[in-house]
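Student: Next come the chains, spelled out residue by residue.
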Amino acid sequence: MKVIALDARSEPVVDDLARRRWNGAAFFTAADLVSDAKRLREAIDAADLVVMVATAGGHSPAVALIGEACSRRRVTTTGLIVCDEETSDEALSETLGRLRPWMLMLVVANSRDYIENMLLALRA
Amino acid sequence: MLRKEQNDLLTHTGPGTPMGQLFRRYWLPVLLAEELPEHECPPVRVKLLSERLLAWRDTQGRYGLTDEFCAHRGVSLWFGRNEDNGLRCAYHGWKYDHTGQCVEMPSEPAESRFCEKIKLASYPLVERGGVLWAYLGPPELQPPLPEWEFATVPADRRFVSKRLQESNWLQALEGAIDSSHVSFLHRGELNTDPLFKGSRGNQYNLDDARPVFEVVESPGGLYIGARRNAEQGNYYWRVTQWVMPCFTMIPPRADHPVHGHFFVPIDDEQCWTWSFDYKVMRSLAPQEVQSMRAGKGIHVACAPGTFRPLANKDNDYLMDRAAQKRGETFSGVHGFGMQDASVQESMGPVVDRTKENLVSTDNGIIMARHRLLRSVRAMVENDVTPPGLDPAHQRCRSASVVLPPDQPFKDAAKSALVVQDNREHITV
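Protein chains in written order, with this note's numbering: chain A, 1 to 124; chain B, 1001 to 1428.
The following block holds chain A by itself, in its conformation from the complex (with noise of 0.2 angstroms):
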């Protein structure tokens, strides 16, 4: 499994789940991986699921590259986009509808602790 962090605000996210203890997870930045096609082609390739982390209105212009290459492969995409109180609608229908071609599963979590939830109960 590949987790990916697509916004800056998503990025010390992935980072502190990064520090933990996983069954082989990987963990990235959508910015290291757009410079980087052969790194971007390997990690996917050596995927069975991509969990892409957005925070609702933050700006992931990467996800379109990444879930193309997700689909090309045939790999199982989801996408985690965390909101907090002060999370507008536009900002998450916005965030929402970049993401929505890309993903196979969606989920709006209020909380980050979703995400190291999810992946645990994905034995990641």
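Hints are not guaranteed to be accurate.
Cβ-to-Cβ under 10 angstroms is the rule here; a few derived chain A residues that face chain B [as the list claims (entries may be wrong)]:
id	residue
1	Val14
2	Leu17
3	Thr29
4	Val34
5	Ile44
6	Cys83
7	Asp89
8	Asp113
9	Asn117
Source of the hints: derived by calculation from the structure; they are not laboratory data.
Nothing here was measured: the structure is a model prediction, and the numbers come from that model.
Cβ coordinates follow ideal geometry from the N, Cα and C atoms, glycine included.
Dock chain B against the given chain A, drawing on the hints supplied.
Tutor: Just chain B now, with coordinates in the frame of chain A:
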């Protein structure tokens, strides 16, 4: 997967357990009102959250939900005499009123006032929408009466049934929020069951067995949106509601009545699966009610005089391999309700979730567990009121709708997901 301690926490609902404490904050459906049809009718044994209770109506018609056992020697008061505003133990004649207060001890000296010191545990029991609801929590935290829409429509617009399910409540709940099983387990009867057939949505279900899901936290629980391809690039959305802890509403099909469930723990290895159907603006047609009574749709035919399904684990759910081969049913079990019950009960009374292998399409289940765990923790540690108690959380609806591809169901179907007075559900 869940760790063992998490699985235990979610599945144990007896007195003193954290999940039991959470369940005790809600009004829970306990009996059909018809089970206590008249004043001084026979009492009914009720086991709820592992507590053994007795439901009864006194001479004035007042409902009582009291400890099943006499405080004297522990005899079941089910054998008691319901007479003159009280329930009298058949053993030594101790008599209790509908609040559980002992009012007579005929075996004691006439001047004794000992009975004033004896009171059985008792809980509020109220009728609403043809259902008797109980509240087992602290009196000072008793919430407003249930506001579920099916319970507020006129009696001729709803049908409610219940059946015994021989599994822990969480297995039953997780089945109800797992939308992807519909295209498999239930595919044989989508177009033949009288309470499902004729909906354009059925064809979308059957044509696209790989729905795309969106799981969104709602104020009371979750919206679980399942997206399938429709015509001209549009999407067919089915949005299921889960409201904490144990209510689900299934998206509607065409003009059929809308349905849903409660899954109420009897103890840790059994639950009541409550099933309701209703329409907002019209009476249920006689043939619809007849179908529901016959166990069609989400309802189940039970052994006469009981709430145990005729098809059950002792007869392998009347498995029909020939019908399975012919494609009439996917699993060989007939009826939506028993198809669900058979697979859920087959997992054992309490499934060991440390062994499961969830996939990303199980995010509805993962999120429901997450919210339950988070809410239990917040309630126990910080006295935070759990979701689903606010009447606004209960005034919710499911929906089925075709939307353009760029519209999130959460926004486009926003008004469809809450009760709209004098308007039916949005449906395809």
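Student: Does the structure break any of the earlier hints, and which numbers would those be?
Tutor: Going through the list in order, the structure violates hints 1, 2, 3, 4 and 5 and respects the others.
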